[in-house]
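Residue numbers (our numbering), protein chains in the order written: chain A, 8 to 204; chain B, 2 to 375.
Since the hints were derived computationally from the structure, they do not count as laboratory data.
Don't take every hint at face value.
To spell it out: a stretch of chain A is covered by chain B in this simulated footprint if at least three of its residues, at any positions, have a beta carbon under 8 Å from a beta carbon of chain B; those stretches are [to be verified]: (1) 109 to 119; (2) 157 to 164.
Among chain B residues calculated to face chain A with C-beta under 7 Å, some are [to be verified]: (3) P146; (4) V158; (5) S183; (6) V187.
Here are the computed lysine-lysine pairs in the BS3-like style, where the Cα-Cα straight-line distance is at most 30 Å [what the hints assert, rightly or not]: (7) A:K29 / B:K92; (8) B:K160 / A:K167; (9) A:K95 / A:K47.
The beta-carbon is built from N, C-alpha and C at its ideal position, and this holds for glycine as well.
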Amino acid sequence: MYEGAIQDLIDELGRLPGVGPKSAQRIAFYLLSADAADVKRLSTALDRVKELVRFCTTCFNVTESEQCRICRDPRRSDDVLCVVEESKDVVAIEKTGEFRGRYHVLGGAINPLEGIGPDNLRIRELMARLGTGTVRELILATDPTTEGEATATYLALLVKPMGITVTRLASGLPVGGDLEYADEITLGRAFEGRRRV
Amino acid sequence: MYVRSLDLVDFRSYPRAVVEFEPGPNVLVGPNGVGKTNLVEALGYVATLSSHRVATDAPLVRAGATTAVIRCAIVHDGRELMVELAIEPGKANKARLGRAPVTRARDVLGALRLVLFAPEDLSLVRGDPAERRRYLDELLVARQPRFAGVRADYDRVLKQRNALLRTAYLAGKVGAGSRDLSTLEVWDAHLVEHGAILLAARLELCAALAPHVAKAYDAVAAGGGGAAIGYRSALGDLPAGRDGLRDQLLAALRDARQAELDRGVTLVGPHRDDLGLTLGPLPVKGYASHGESWSFALALRLAAYDLLRADGIEPVLILDDVFAELDTGRRQRLADLVGGASQLLVTCAVDGDVPADLRGARFELGDGEVRRVH
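Given only the sequences and the hints, what does the whole structure look like? Please build it.
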C-alpha cells in the first residue's frame, strides 16, 4: 500500500475494465513521472468526455450534438434500420462501408442474470421509430451470443406483425481463414447453417 | 492409437518418472499407495484436461513444487505426436502440440482418445442422475465435438431462463407489482431449440450404446445378464426426430408454466433427465448388489470403448484396479473382450490377478520408480 494520492490513483485505475492491480500501479507511476502537460491533457480529456458526450436523441449512438453524424447525414437511406447492442458495433459496421441505412443502439442485450430486461434497453424508442412507417427492413445485428440471440428473437416477435421485413446477420466461418483452423464448434455451426449455392 | 511414452515432472508423488509403453497390453504392478493410479490419472488429464479423482488441480502438483509437467508421446496411424502440459494451479495450463505452443490448452483435446475405468466410476451407478448425464454428454462430445457447443449454449440459456423465473418469483412473493415475463417466450424458444438438438443426440447415442452395454455386462457379470439402459425423460415417451422433440418440449414447458413460476426454476428439459439402468425387470439403483453395480459401471465404460471403436477411433483403454474384483472365469472373459485393444493399460496390486493372455509389457512400481520388468 502506498499513501495518499498515489494509492487513490491506483485504486481508481484498477476499477477500469481490463486493468488489474499490477497494470494500475504501472500506469500510476508512469503518470507520476510523465510531463505535467501530458497529464493535464489526459485529465482535460476525461473531464470533457463526461461534459460533452451524450446520446443521440434518435439512435442513441454517442455524439456531441443533439443528433449523431449518421442520423444527420441526408444521403443515408431511411428504409433500412440496423439494430446493434453498443456504439462500438456501429463503428465496426461503418468500417465495412457496406451499410448505408440508419442505426439504433439498444445499449446492451436482454440478460436476466444481470437484471437487464427489455425495459432497460431502448426498445420502446425503437418501436416508436418503426411506428412512423418509413422503415421497410430491420436488420438485427446483435452479438451471436446467447443474450444477443435472445434479444434478436424478442425484437423479431415484436416487429414482424408490423409488416416490416426482419433479417438477422449470418454467422459461420470467418472469411480468409482456412477451414482447418476453424474450431470445431464454429465449423459445426457453419455445417448446420449451410446454404444451397 | 497408443501412448508410446509418458514423462512426468513433479506430478503427484513423482519428482520425475519416465515410462515407455508398448502397443497392446501393459500391466502396472505394485502394492497399494505406490502411485499406479497417478500414472493413469496423468494420461486421463492429457485426454480430458481434468482429473478423474479431484475437481481442482492443486493436488496434482507434488508438494513443494509449483508446476507439474506431463509429456506424452502418442502414436496414431504410424505418426508420433508429442503433447506437453504444464499445470500450474491458479493459472491457465500451458500446452504444446508437437514443438509448437498452442494458445488454448483445450486445443490438445482429441490428441489422445482414451476410455478409463476407475473405482470412482461406481458413482455412475450409485450416484445422482447428473453423473449419468455427464457420462452421456462426454461420450457425445468425444464422437462429435460440436456437441460441446450445443451443451454450452443450452446451459447458458437455462441459466438465463432460471434467473428470469427467479426474479419473477421473488417479485411475486413481495407483491412488487407486475412480474416482468415478457421475454419468457423468447427463452422458451431458445431452450427448446438447443434442448431438442441435445435430446435427439442423447436418444440416438443411447440406442447405439444399448447393445454394447448388454454384451459387456454379460461378459463381466457373474451369472445372469439382462443389463439394459434406457433414456429417462420427465417428458415421458419421446418421439423420434428433432421437430417432434421440439414440439413436445415446448408443450411440456407450457404445462409446467405455473409450477415453474411457483418455484422460480426450470422444471423440464434435458437437464432433468436420467439414464435408466436396469437388470432384468429391476432398476439397478436400490436393488443391485455391490458386485452387480460395479459390473454395470464397468460395462458402461466398456460399451463406450466399443462404440468409439466401432466409429473407427481406436482409443486407449485403461482399467484401473479391475481384475482384483473379478473371479477367475470373469477375468478370462474380460481378457477376451479387451485383448484386441490397440493399447490396454491395466493396474493391479497382485501379479497373479491378471490373466495370462494380457501378459504384455510389465512394469513394477515402488520407491517412486517405475521399472520395466519384461
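Quick rundown of the hints versus the structure:
no., hint, result
1, 109 to 119, "holds (count 3)"
2, 157 to 164, "holds (count 4)"
3, P146, "4 Å, holds"
4, V158, "6 Å, holds"
5, S183, "6 Å, holds"
6, V187, "5 Å, holds"
7, A:K29 / B:K92, "16 Å, holds"
8, B:K160 / A:K167, "28 Å, holds"
9, A:K95 / A:K47, "27 Å, holds"
Violated hints: none; the structure is consistent with every hint.
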